[in-house]
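Plus 8 on top of the position in the sequence shown (first one is 1) and you've got the working numbering.
The hints are simulated quantities; they were obtained by calculation from the structure and are not laboratory data.
Please read all numbers here as calculations on a predicted model, not as lab measurements.
A portion of the hints provided could be inaccurate.
Between beta-carbon pairs, the in silico distance windows are [as the list claims (entries may be wrong)]:
1. A159 x H82: 22 to 32 Å
2. W97 x S35: 20 to 30 Å
3. A76 x A159: 47 to 57 Å
4. L56 x S182: 23 to 33 Å
5. A87 x V171: 35 to 45 Å
6. T165 x S35: 15 to 25 Å
Ideal Cβ placement from N, Cα and C applies to all residues, glycine included.
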Amino acid sequence: MTAPIPTGAPTPAAYGAPAEAPAAPVSPFEPAGVVFAPVSPRLITARLLGAECAHAVGVILGVALGVAVSPWLHLVAAAALILAVWEAWLIPRQVRAMGYALAPDHLLWRKGIMFRSISVIPYGRMQFVDTSQGPLARALGIAEVKLHTAAATTDATINGLPVGEAERLRQILSERGEQRMAGL
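Generate the whole structure from the sequences, applying the supplied hints.
Next up, the structure:
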């Protein structure tokens, strides 16, 4: 009797590992054991106000031009209205997809629904952390935390945090960044 000819990749048992059922794949956007803190739902209001005001101008302009110049220009108003409805559906989903997590050696920041991204910023690479707030954010009680690193492309902005949480996060990131830089 002849031994069977292997047809695929070697099994784990071939390398001395016990043969087990393969573990479920872990998504890079849902790392095991990491809990992401969400941003404030007030960010939805801030983003909707900005977007919907711009679309309202488009609707008004499209209607006015449609009456004054040509009925075909009502299409501008229709397009602005469609974009307004689409963004009213999309923006809340985008904000709910945002989150950050403080790991022992780095900060994780994720965002996006269709085009998802997760940024991993090592504490030791942070040069400085600042908190900022515009007039609308001030009225809504939210702020943003900006992380600046040596590489310009890896800066991260965590927006839509309650003011107290933004200040707490800035303080934690500053302390951890100083600790890691002192070890270099």
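Taking the beta carbons of A159 and H82, is their distance inside 22 to 32 Å? violated (48 Å)
Whether the CB-CB distance between W97 and S35 falls inside 20 to 30 Å: Since W97 and S35 have Cβ atoms about 24 Å apart, the given range 20 to 30 Å holds.
Cβ-Cβ distance between T165 and S35: within 15 to 25 Å? holds (23 Å)
Take the C-beta atom of A76 and the C-beta atom of A159, compute their distance, and say whether it sits inside 47 to 57 Å. holds (51 Å)
Could you tell me whether the CB distance from A87 to V171 stays inside 35 to 45 Å? At 37 Å between Cβs, range holds.
Given a hint of 23 to 33 Å, does the C-beta separation of L56 and S182 actually sit inside it? holds (32 Å)
Hint 1 from the list above is the single one not met by this structure.
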